[in-house]
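A.B. asks: All chains, full assembly: derive it from the sequences and hints.
Number of protein chains: 2
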Amino acid sequence: MADVLLEAPVGISGRHVHLSAEHFAQLFGPEAQLTKVKDLRQPGEFAAKESVTVVGPKGVLENVRIVGPIRKYTQVEISRSDSFKLGLNPPVRYSGDLEGSPGCVLVGPVGAVILDKGVIIALRHIHMHTNDAMRYGLKDKSLVSIYTNGERGLIFQNVLVRVSPNFRLEFHIDTDEANAALLQNNMYVQVLVPTNAAALSMAG
Amino acid sequence: MADVLLEAPVGISGRHVHLSAEHFAQLFGPEAQLTKVKDLRQPGEFAAKESVTVVGPKGVLENVRIVGPIRKYTQVEISRSDSFKLGLNPPVRYSGDLEGSPGCVLVGPVGAVILDKGVIIALRHIHMHTNDAMRYGLKDKSLVSIYTNGERGLIFQNVLVRVSPNFRLEFHIDTDEANAALLQNNMYVQVLVPTNAAALSMAG
Chain A
7 MADVLLEAPV
17 GISGRHVHLS
27 AEHFAQLFGP
37 EAQLTKVKDL
47 RQPGEFAAKE
57 SVTVVGPKGV
67 LENVRIVGPI
77 RKYTQVEISR
87 SDSFKLGLNP
97 PVRYSGDLEG
107 SPGCVLVGPV
117 GAVILDKGVI
127 IALRHIHMHT
137 NDAMRYGLKD
147 KSLVSIYTNG
157 ERGLIFQNVL
167 VRVSPNFRLE
177 FHIDTDEANA
187 ALLQNNMYVQ
197 VLVPTNAAAL
207 SMAG
Chain B
7 MADVLLEAPV
17 GISGRHVHLS
27 AEHFAQLFGP
37 EAQLTKVKDL
47 RQPGEFAAKE
57 SVTVVGPKGV
67 LENVRIVGPI
77 RKYTQVEISR
87 SDSFKLGLNP
97 PVRYSGDLEG
107 SPGCVLVGPV
117 GAVILDKGVI
127 IALRHIHMHT
137 NDAMRYGLKD
147 KSLVSIYTNG
157 ERGLIFQNVL
167 VRVSPNFRLE
177 FHIDTDEANA
187 ALLQNNMYVQ
197 VLVPTNAAAL
207 SMAG
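Residue numbers (the working numbering), protein chains in the order written: chain A, 7 to 210; chain B, 7 to 210.
Please note: incorrect hints may appear among the correct ones.
One copy or two, it doesn't matter: identical chains are merged, so the pair holds either way.
Straight-line distance between alpha carbons at most 27 Å, and here's what the computed DSSO-like set of lysine-lysine pairs gives [as the list claims (entries may be wrong)]: (1) Lys42 with Lys78; (2) Lys64 with Lys145; (3) Lys147 with Lys42; (4) Lys44 with Lys78; (5) Lys91 with Lys64.
By construction, these hints were calculated from the structure, which means they are not laboratory data.
C.D. replies: In structure tokens form, the structure reads like this:
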């Protein structure tokens, strides 16, 4: 195995929804406000008390948490397991890359929204503060391999590095990936030293 | 990456139950017989028409398929996702290794069974015919790494090799692992050449 470059804590994203101001008002009413329940590790992000029902052609996911703050676009992040239940075939995408993704119906306490796109499976990625990236010789959109040990030990290949002065170090995966590797929130994984130049090439 | 030793087809195990003759009779009646719906890839194994309800302290899984033939012991194989729904914390085990595993309640059309053990998360493994194992220098209980490509490409480490003249080549994973890697039945994965002696040591 390659050498370890750094260790990073795991953050597991359960299914969740980001809402635009327009959609939030349609679902919860024009006077409604998001209620913060818990700050997430990435600065400014929080789990809201409010939830919606996500409806697909074959099934329903109830009580899907909204993650705030309000965004410019509405985005539904589900696992592949969830996608089978809904009867959708969403692509694996980084946040905000919604072109060509399937839509769904969102239902809230006040109204419903019919989305023509916005359902994705989140592309695993590692958030990194600019200082960490410089220290370890990585850049925004670098690709790294990430090692986990244990009886379901895995090496996640081609993990996208996202760098910003607003980010805190965190390896973001979804519930399928966490369950496959028996990972839990705040466990640590090993980011491996890239073994060749290809591993540092730009994503996409 | 290490060189490729051989390629193997993927077999994804959904949640399922193996039943002893005694438990089958309690659940389906003394005269009942298992009805074969589909042969599985491993010789003699088949998906049955019959299913049971699996009940845990926090939840229920309905219509859980029975895999035949009848076995000497009852065993319930679920995913980690399922385990959260049931409220159980089963260990990751190879088939038949049930000591210390949690129990559950099985309910069938005629009766119910209270198990004091038998619920496991299946340990991923690769079935291999004796001739294949000889050809590739592997033994029963060798450990190998298995490579999958794509946008959710993984290397599964420490995959247990099981060798028998009754086995056909197949990499067995559960639904969490399949979803994490975007694998589907009969896709091919790459078994890597072991990079050192440790990779060939005995499991457990």
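A.B. asks: Tell me, which hint numbers fail for this structure?
C.D. replies: Of the numbered hints, 2, 3 do not hold.
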